[in-house]
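Undergrad: Protein sequence lines, in the order shown, are assigned to chains A and B. Position 75, counted from 1, in the first sequence is what this note's numbering calls 75; the numbers after and before it change by one each time, with no gaps. Position 249, counted from 1, in the second sequence is what this note's numbering calls 1249; the numbers after and before it change by one each time, with no gaps.
Read the hints as simulated data drawn from the structure, not as lab findings. Please read all numbers here as calculations on a predicted model, not as lab measurements. Incorrect hints may appear among the rest.
Unchecked claim - Partial selection, computed: residues in chain A whose CB lies under 7 Å from chain B: (1) Val-13; (2) Tyr-25; (3) Ser-39; (4) Thr-43; (5) Phe-46; (6) Arg-64; (7) Val-129.
Using N, Cα and C, we set each Cβ at its ideal position, and we do this for glycine too.
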Amino acid sequence: MKPADEDDFHAYVSARMDRWRRTAYLLCQDWHTADDLVSITVTKLFRNWRKVRAADNRDAYAQRVLSRSWLDESRRAFRREWSQADPVEVGWSVPDRITDRESLARLLKTLGPRQRAVLVLRFYLDYSVEETAEILHISVGTVKSQSARGLETLRAAAVSFGK
Amino acid sequence: MGTDLFDQLVGELPPSTVDVVGIVRREKRRSTARRVTGLATAVAALGLTTALGLSMTGGTGASSPPSVAGGGTTAAPDTRFALVAQSEETAAASAKRLAAALDAAVRKEAPDAKWIFEPDGSGRTGPDGRPPTLSYDVGPDGKSKELFGGGSGILNEGRKGSLRLGVEPAEGVGEDGVRRPSSWKCAPTVRKCTEGTAPSGAKTLFLSPKYGDVQMYGIEVQLPDGRSLRITVSNNFGDKGTGAAQPGTPLTSDQVKAIAFDVAAQIKA
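Construct the complete structure from the given sequences, taking the supplied hints into account.
TA: Shown next as structure tokens:
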């Protein structure tokens, strides 16, 4: 990689680091794992930087790498998943309205990795149904069905927060 | 919509542990090492080809005596295989053999068990009766992390659940440059974990956590090359959170262990 390309890479990564870390944290709710996911993403982006630069939408490309890394990791790292310090307690059910961060955290923990990714992409990063489907490599119908419950509860949240 | 709430959940960002400069440095070293290794391999291949050519044409060096057909005892064929994924073709072949080894182990340890389609299960699964198709990971630069994984629904003696298989990198720094926690020791935060040894002498970790109605049995077995083979079974049918916990796991903990040992025994370095 030429020095100019490397400078471009560093500038691109540092400008998006916080956003990627926030997104990764929402996916896994653990900062150590979140930073691991971002490290994996940065590594993959560096290896494919020429392709990333040529992409129509670099951010969507990077998000795709991050989201898929999360799905890969969640399939593999069962031990990490089992070692969650704060698993969802038995008997907790999703309330009609999500009005605080604890409820949102619980809601996300009740969801499978892919459904969690759908929620974060759709309602935190504001990707469209089609973009979310493309990023996660799933069908539009799956995105719609998996986000239905989240949409309902997050709409309630938006009302609660006066948005 | 709801973005503020998400931001509240994230809260204040702690100091980052993402070492971008270190990743770039490491990737450059890897790139250089790959070029050097490629050159060395080419030189070695050339040398081997030359030596082979000399041997076959009766050149220099003593030739070994011809074998005597039918003499002595016949050694049992080595059916073991290596997990390689240096290209799409080798990765697909390894994944197929691994899936076949898993299927054979399940049939041996749980003869009545049947693979069943698992709705919303991660990976490629189904239809009923078909063993799981394992996914693999060929690195974007052709250098693979040589990871495999997948699973399926499984039905045994009326109990339905899911079975997952995964091959994880060797402990230490993975091919993706991320340091992983040292394996083969139960971390203090991991509940219901037992360190052990497989009949082959390989190190193992057995875990049996229970969350609410969901019971899991999982075992990791150290493979000859240091990677780990993981088999997990749970009574949660379907993706986590959307699946319904069944009354009992389809396989017992002993069956899960035996399946993992059988599969691991088929893998060589």
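Undergrad: Give me the numbers of the hints this structure contradicts, sorted from smallest to largest.
TA: 6, 7
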